[in-house]
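S.K.: Protein sequences appear in the order of chains A and B. Numbering-wise, the first sequence is residues 1 to 281 according to my numbering. Numbering-wise, the second sequence is residues 1 to 677 according to my numbering.
There is no bait here: all hints are sound.
Chain B is nowhere near these chain A residues, computed Cβ spacing over 12 Å in every case:
hint, residue
1, V35
2, S36
3, G55
4, R60
5, C78
6, R139
7, D185
8, R241
9, A244
Taking CB as the label site, the calculated pair distances span:
hint, chain 1, residue 1, chain 2, residue 2, range
10, B, Q628, A, P164, 19 to 29 Å
11, A, K174, B, A155, 43 to 53 Å
12, A, E24, B, A201, 51 to 61 Å
Hints listed in this document are in silico derivations from the structure and should not be mistaken for laboratory results. Since this is a predicted model, take the numbers as computed values, not measurements. Yeah, the Cβ is synthetic: ideal placement off N, Cα and C, and Gly gets one too.
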Amino acid sequence: MEDSLIQTAASENTRQDVPHPQTEEPYYLPFGDEVSIFTQCHRRHLAVMLKGPTGCGKTRFVEHMAWRLKRLLIIVSCHDDLTAADLVGRFLIRDNATVWQDGPLTRAVRTGAICYLDEVVEARQDAVVVIHPLTDYRRVLPIDKTGELIEATPGFQLVISYNPGYQHVTKDLKPSTRQRFVALDFDFPPPEREAEIIIHESGAEHAMAHDLVALAGRIRGLADRGLAEVPSTRLLVATARLIANGIAPRLACHVALVSPLSDDPALVAAMRDLVDAMLLD
Amino acid sequence: MAEPEGLIIDAARQATAFVSRLWDNDNNVPDNSCTLSTCRQRLEFLLSAVHGHAVSLRVAQPPPPPSALSRLFGRIPRHLIETRPLPANDGATIFLPMQLHLSEQSELSPHYFFRLLALQQAARAQRRAQQMVSADALLTLDLFQLSEAAAADHALALHFAGLRHDFAALRRAMLSQRPQPALLNGVEQAVEELYCGVLKACPYDIPPPLALARKPEDSLDWAIEMSMKISTRARMPAVRYRGCAKDLWWGKMLPPSSGNQPIRYEEALRDMTQPSASPRRSANLSRRPQARERTPDEDDETQGMWMVQKDDPQQHVEDPAGLQRPADRDDDADAGDLADSLSELPEAQLISSSKTVRELLLADDPLDQRTTLVLPGKGAAHGIAYPEWDFRVSRYHKEGAIVRLQPPLLGDVAWAESVVARRPALLRQVQLRLEGLRPRRIRYYRQPEGEEIDINACVNAFAERRAGLPPQDCLYQSVKAARRDIAVALLIDISGSTDGWVSQELRIIDVEKEALLLVYLALTKLGDPFCIYAFSGESAQNVSLWPLKNFEENDRTLVQRRIAALEPQLYTRAGAAIRHTTGLLTATSARYRLLILLSDGKPNDVDRYEGRYGVEDMRQAVAEARLQAIHPFCITVDRHAPHYLARVFGARHYAVLQQAETLPVVLADVLRRLIRQ
Chain A
1 MEDSLIQTAA SENTRQDVPH PQTEEPYYLP FGDEVSIFTQ CHRRHLAVML KGPTGCGKTR
61 FVEHMAWRLK RLLIIVSCHD DLTAADLVGR FLIRDNATVW QDGPLTRAVR TGAICYLDEV
121 VEARQDAVVV IHPLTDYRRV LPIDKTGELI EATPGFQLVI SYNPGYQHVT KDLKPSTRQR
181 FVALDFDFPP PEREAEIIIH ESGAEHAMAH DLVALAGRIR GLADRGLAEV PSTRLLVATA
241 RLIANGIAPR LACHVALVSP LSDDPALVAA MRDLVDAMLL D
Chain B
1 MAEPEGLIID AARQATAFVS RLWDNDNNVP DNSCTLSTCR QRLEFLLSAV HGHAVSLRVA
61 QPPPPPSALS RLFGRIPRHL IETRPLPAND GATIFLPMQL HLSEQSELSP HYFFRLLALQ
121 QAARAQRRAQ QMVSADALLT LDLFQLSEAA AADHALALHF AGLRHDFAAL RRAMLSQRPQ
181 PALLNGVEQA VEELYCGVLK ACPYDIPPPL ALARKPEDSL DWAIEMSMKI STRARMPAVR
241 YRGCAKDLWW GKMLPPSSGN QPIRYEEALR DMTQPSASPR RSANLSRRPQ ARERTPDEDD
301 ETQGMWMVQK DDPQQHVEDP AGLQRPADRD DDADAGDLAD SLSELPEAQL ISSSKTVREL
361 LLADDPLDQR TTLVLPGKGA AHGIAYPEWD FRVSRYHKEG AIVRLQPPLL GDVAWAESVV
421 ARRPALLRQV QLRLEGLRPR RIRYYRQPEG EEIDINACVN AFAERRAGLP PQDCLYQSVK
481 AARRDIAVAL LIDISGSTDG WVSQELRIID VEKEALLLVY LALTKLGDPF CIYAFSGESA
541 QNVSLWPLKN FEENDRTLVQ RRIAALEPQL YTRAGAAIRH TTGLLTATSA RYRLLILLSD
601 GKPNDVDRYE GRYGVEDMRQ AVAEARLQAI HPFCITVDRH APHYLARVFG ARHYAVLQQA
661 ETLPVVLADV LRRLIRQ
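Start from the sequences and build out the full structure, keeping to the hints where you can.
M.R.: Okay, structure coming up:
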């Protein structure tokens, strides 16, 4: 009977969403052994957890590794409404038939892609639990709706990111989940490397990039004094891009570096003072 | 025709106004819009960012006025008499004047001058902290300071290119105020030339004969060599170097602070809970005398043979025992007169007393000494022993500390009403912040029963049924109040240091009480279980805890009266208090548990619980709480807290209040951030 036909993800159109590996190498400047560790984890089928502050290069690292390992990359940005069905898939009614639609995780498991769950603590608990059988020796994804037990294709790897800075009573990764991952700690790069990244990404001049890094280093010292978020490398790249395109350095820092960080008048004023003291227009 | 008396009065009024105008012009009435108090917090942030650690910024005190005798017979030339406070540092703390007396033609606004002076003093303090050297002779000392200041400016100009204009403006302003050369002798003229040479030069350059001093020792070597040269060149060994006129750029180099000196303690003469009969008088101190140490023989018990008293002793503002001040004898005495007398003293001894405050003299730069008071009726309650962590041997002391639950005192209910009446805006702010936390009505999908059909669930169920799966029965949606399942414990430090004054009207304890009351009123509306405990104590045997509100308590008037009765007590043995509150929280059935500590400084006690021992025990107590799935958080008014609080509570698990008055709002903000859904 046509009504009860279950069409699985073998159909062509379900695979169209999977991004193909980028032809150009995504720029990433390693800070330690993270590339070799990730490569070994990929080879040994170990899941990886990337820990670090926002804007320090976690997503870029995964893109770079997907390119290096020649794997497809599926990125899921987790939010507090993300359910297990959003990851695994659901039945849809289409053309007078019931069709099973794979979710991004199932697609990655079937195709042997790298599945990157960004900010995984934001997802609902049932969604987080779904990944458990994929992260141990079983490497399977049970789909109770279809009764399938999908064995992960050898190239499949699960990567999650986690920002320990966002402290919240009701949001934390359970110890049983944490223990399934190899954790790579990320932080802002040392000044020389950060300047190199800024120059590459924004086209800013060497001296300006170093000035921005020195400025960011000083503002990061205010983290304990009430600044909720410190300036990230991403924020510095955005500022350097403005400067490289002709915006006056002080103005660019005020709008792209200082104002996004805080609403506290005294903190903003102190950061502006610092910008004015360190940079010349 | 006007009466002669009227004419005389009018003429006198005009003359007074004329003299007053002249006086004002002479004193260059400063721009009052930018004082240190308006930009202090901003400058402290800036210094923290520049130096990577908190730098304390305080108000520089004006020099004491010269006494009549020194005016008559003193040999200090007029141009060397200091009349205004100068920027200074003691190697750790920065002192800046409350107001800058700049001429109207000044190129920069006062804020930029404040910024530059703060950076200059902080850079000089940093050099001093690396290597403390000092010189004996006045000439060598001045040359040493000049060389150090030039080196600090050089380093600043190198790292902060944007300060170039500010440097130039400050140096030009200082150059225009130098004394006439005719007032100076040969040696002084040589020093003046060197100083003016520095002021005329660009801050990047060190004008010869000065040389760039890499460290303070180099400056000292140069100063000794230069002072010998100048003395030789002057060829007049009889000419005495009297000093160099100091200005904002030159500043002052204060001796390093010796930390908190012990304060003499005077026993309570009457019960502190008794309200004062006479109203409290207050006045502003124009300058605060330096705290001095007690000399060994200044208040001997036995009188010497020359102590024959012929008359009544002359009343003096400073009595060694602090008991017989003139103002104590006369209830109607003007506090302003007392403030004036006290301001004229170069230094005074500190004495701690448990007597009720009779007059309050407010200085721009209050002392940071801790006061201690006697606890009424201690040790009556039954004790609960908690272990205490000893970091030196990395193990617990079993007997540790004993927590004694004290019956809370009951205060005046009118206090709570008056706070609510006085601070409606603040209450509204707190309520607004916590309003978002009220259990909202949330739409629950896929419910077995409910008011409406869940279309999405139906479509899903339909699709799944067609796919041959068993039918779903959760096809409804329903709107219900969300259950947050959170228990909160507020732990308040009421140690003696909360007796410090933060404004003319309020002590830290008053701010804590008001914040507690306002947050209590707002929290009761949320419906989440919460408890409030206050703690203090003296020694490990007497850690007192006052339950202000238990989890199940709902009597609003009773809780308000308990909060009203809070008064500063003794010490802060935080570890035991945290352990007890952790125990209370674990006994609740809530899924998420939150422990908020309101503190005003490091843990301390009379015994070994001081310094690292206290901090490490507190850290262990917090770690124990975390192991029991409790989220600890600390709010503190101690601006030097980041050094130890990050270690105790972990990064982002504490908040430092920049202004104590903002406590209610910050407390509400912290609660909102931690328990929002």
